[in-house]
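Visitor: Residues per chain, in single letters:
2 protein chains.
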Amino acid sequence: MSQVKGVEWRIKVEDGRWKKAVTSCSMWTLIASFYSKLSKFIKKAWEIGVNDPRKFIHCLKVGIALTSVSLFYYLKPLYDGVGRNAMWAVMTVIVVFEYTAGATIYKSINRICGTTLAGLLAFGVHWVASRAGEQWEPVIVGFSLFLLASAATFSRFIPTIKARFDYGAMIFILTFSLVSVSGYRIDELFAMAQQRISTIIIGTSLCIIVSITIRPVWAGLELYVLVTGNLHKLANSLQGCVDQYFEAQTANEESNKKLMGYKCVLNSKASEDSMANLARWEPAHGNFNFCHPWKQYLKIGATMRRCASCIDALIGCIHSENKTSDNMKKIMSQSSMKVGTNSACVLRELAITIKSMTKSNKLDILVVEMNNSAQELQNLLKSYPDTHNNSNAKMEIPIIEIIQVVTVVSLITEIVARVEDIVKSVEELSNLAKFEPAMFKCDKSKQHSTDNKISPEEQEKDEVAIIKTLQMV
Amino acid sequence: MSQVKGVEWRIKVEDGRWKKAVTSCSMWTLIASFYSKLSKFIKKAWEIGVNDPRKFIHCLKVGIALTSVSLFYYLKPLYDGVGRNAMWAVMTVIVVFEYTAGATIYKSINRICGTTLAGLLAFGVHWVASRAGEQWEPVIVGFSLFLLASAATFSRFIPTIKARFDYGAMIFILTFSLVSVSGYRIDELFAMAQQRISTIIIGTSLCIIVSITIRPVWAGLELYVLVTGNLHKLANSLQGCVDQYFEAQTANEESNKKLMGYKCVLNSKASEDSMANLARWEPAHGNFNFCHPWKQYLKIGATMRRCASCIDALIGCIHSENKTSDNMKKIMSQSSMKVGTNSACVLRELAITIKSMTKSNKLDILVVEMNNSAQELQNLLKSYPDTHNNSNAKMEIPIIEIIQVVTVVSLITEIVARVEDIVKSVEELSNLAKFEPAMFKCDKSKQHSTDNKISPEEQEKDEVAIIKTLQMV
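One line per chain: the protein sequences are A and B, in this order. Numbered according to our numbering, the first sequence spans residues 1 to 473. Numbered according to our numbering, the second sequence spans residues 474 to 946.
The calculated lysine to aspartate or glutamate pairs, modelled on DMTMM-like cross-linking and capped at a C-alpha distance of 20 Å, are:
{"id": "1", "chain 1": "B", "residue 1": "Lys517", "chain 2": "A", "residue 2": "Asp166"}
{"id": "2", "chain 1": "B", "residue 1": "Lys811", "chain 2": "B", "residue 2": "Glu822"}
{"id": "3", "chain 1": "B", "residue 1": "Lys855", "chain 2": "A", "residue 2": "Asp326"}
{"id": "4", "chain 1": "B", "residue 1": "Lys635", "chain 2": "A", "residue 2": "Glu98"}
{"id": "5", "chain 1": "B", "residue 1": "Lys832", "chain 2": "B", "residue 2": "Glu822"}
{"id": "6", "chain 1": "A", "residue 1": "Lys162", "chain 2": "B", "residue 2": "Glu571"}
{"id": "7", "chain 1": "A", "residue 1": "Lys44", "chain 2": "B", "residue 2": "Asp639"}
{"id": "8", "chain 1": "A", "residue 1": "Lys382", "chain 2": "B", "residue 2": "Glu874"}
{"id": "9", "chain 1": "B", "residue 1": "Lys811", "chain 2": "B", "residue 2": "Glu849"}
{"id": "10", "chain 1": "A", "residue 1": "Lys382", "chain 2": "B", "residue 2": "Glu794"}
{"id": "11", "chain 1": "B", "residue 1": "Lys811", "chain 2": "B", "residue 2": "Glu720"}
{"id": "12", "chain 1": "B", "residue 1": "Lys855", "chain 2": "A", "residue 2": "Glu401"}
{"id": "13", "chain 1": "A", "residue 1": "Lys162", "chain 2": "A", "residue 2": "Glu98"}
{"id": "14", "chain 1": "B", "residue 1": "Lys855", "chain 2": "A", "residue 2": "Glu321"}
{"id": "15", "chain 1": "A", "residue 1": "Lys263", "chain 2": "B", "residue 2": "Asp894"}
{"id": "16", "chain 1": "B", "residue 1": "Lys742", "chain 2": "A", "residue 2": "Asp273"}
{"id": "17", "chain 1": "B", "residue 1": "Lys736", "chain 2": "A", "residue 2": "Asp421"}
It is worth saying that the hints were derived from the structure and are not from the lab.
Work out the full structure: start from the sequences and follow the hints.
Guide: Now the structure itself:
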């Protein structure tokens, strides 16, 4: 018998001959390609973690919380205390533990409230049903289940409830169904409900403690870093595109990346909304007290997006076909770039105001400077043919040469107006959050570094991580 | 003894006298104010349902699914089949049943896959641990729990996994923990796992059946209606703002609402993303087959938002201080409004193309017309001082008078360019989804009305409901 040394697949090609298709080697190619894909995936995943080590830490935190709650099963005395229902504690930890402290607290409170409320109601229904006689019992239980489940489901469509109690409504339905359905069979209903609530309280407390004590990720801080970062991005984009147009800089990769920063601003609405929603559940942390006006950050975000969409239009117009004469551009260049720089300064000062949580004493001056330079630019444009030619020989300007510059200047003026809106919304924030005047800034910052729970170095590390993550998105 | 006729609370005011504070009447005021608040809330909730009756239907569907799954408890033979674990079926229904069919299917598949995978792995670990001897058993189980839970938690940070298997990863951790933790105590592990998986399959199948058969809400259809509706809104905004500027129409509430339509376009990114994500889980429905290119709708959405941000800038410039002379405005008016009308026509034709899922044969002509009118407008602007004055007496134009018109015209040109981008992305969609040429449109539409699972009237009702909901957001 001849030994088989290899397998080959053949395909009959068009002209009738057989062609070798898949040799045994292809098997290895397949495996190799799978392996390369897998290693690429793992590399990408690793990068996600390296860019934001808090994600690794979060995984460890989940592991710690889970292992601690499992102790209820492993340790005999604790097991005897809560019995088989310890399962609910494990489940609670897995379902409730989220990346940010705010989300964990939101889910914990919702779970406890939903469970308690539903448990009490289910008891009531069960009591009424048991009085009504055996024949009516399933009818009453079934009807109440149908009614309450439908009502709770509908409540999740109402925006105010959706924002705060969406998870609670689901848990309400879950608990009510389980208690009323199992109540029909099991007699030890009271003990079960009591155990379930106590295990849930154990699970949620554990989650909240682990989430808050071990390197916490605050949704509020995340929002705050996002908004200040976006202000910087907006400033860079604005200054970058004005400079690129008037100085005709050659665009390199670095400057292009800076220029595109405004796109992050346009796309960050969803993150801002969810973080502001979660931040209000968080206790006082760092420089934020419990009633910090998180909603105001959403208003700031909205004004920033309005400014960003104007920058988008500006960039579009810069790349349009109507090119301006170099002469005209040169004349307008200095004033325009001054407006660009000044408004970028205002945006950066706003970022500093939010970051340091102190009312800036430079801001008013910077805004006045920005407005003055914008007015100057307008005046320069309006007086263009007069001022830049020999006074008497008034030259006629071909309109084609000025279209682009006029548009750019108008849009810059519009951007300045929108930057002022951002200023107003940040000032509102500084009033609502009672920012202190900047006079005591230096002393304060020293004081903070000793008083604060989070050291400035740690906070900075967190911020770098958040920024890195945001850049990846 | 004297009879008590009323109670009153008093406060000592600054000058030392006592003042009546809360009389027994105030109690009623309090209740009345609470009642009025409650009735307002209920009214608002009712309106939400009336505007989109599918929400009421969804609640009924949840009730039906829950009541049917409860039968497993109520009916003795079925109860004997799956026993106490029937609880898992109830739980599955509550957790898995979502508003759209896509979301329900996504959660169902994730739940089944996550449970099965985790169950198998937990068995493996348990088997290894039981071989290692009693001393090592808790160590191996605990360590594997820690490791796998951390890994699965981390996988939820990876974007591709988050988009498709976020829920599955959570269920994986949940099942693995429950099986491995309870496995340490309970011997009937195999029976438990088997029962759990079968109850989950029962629950998910029930959810999918109810969700798909009773007046289904398709995420795909929702996305499609959102995108076509946004195209109409964009068209109305664009035409509205051009008309308002050049015709100096007095703005009434109706026209202002139309004008602000572009804001919905700017804010719909999050909804589009989530719906496109869910739509790919849905089976073929209506005119959409299983591999319908849902992602392309996101591209269309992105190009629409770029156009909308340009409209935002345009509206800003229209309200700026630099007013144009009526004369200049009058001269430009006709051409500008023509561009506005033509590009609105293109946008509406795109909406029709997507809506009817047929390649439009008018579209090319409309795009050419739009571009021609834009070019005309440009030419008119460029030749402005020459053409509109007595040829030889060349008048000098004060630049202040033309700033606004030049900006408006430039922005309109930019908008036209961006509308062309939308056209390109819709054309890509029509190629990817293999839209048929419009020639057979009339016959087709007749055919559809008999062939289709959803009657056109029903679909239209749904669309009206979706649009009403979107308007409320």
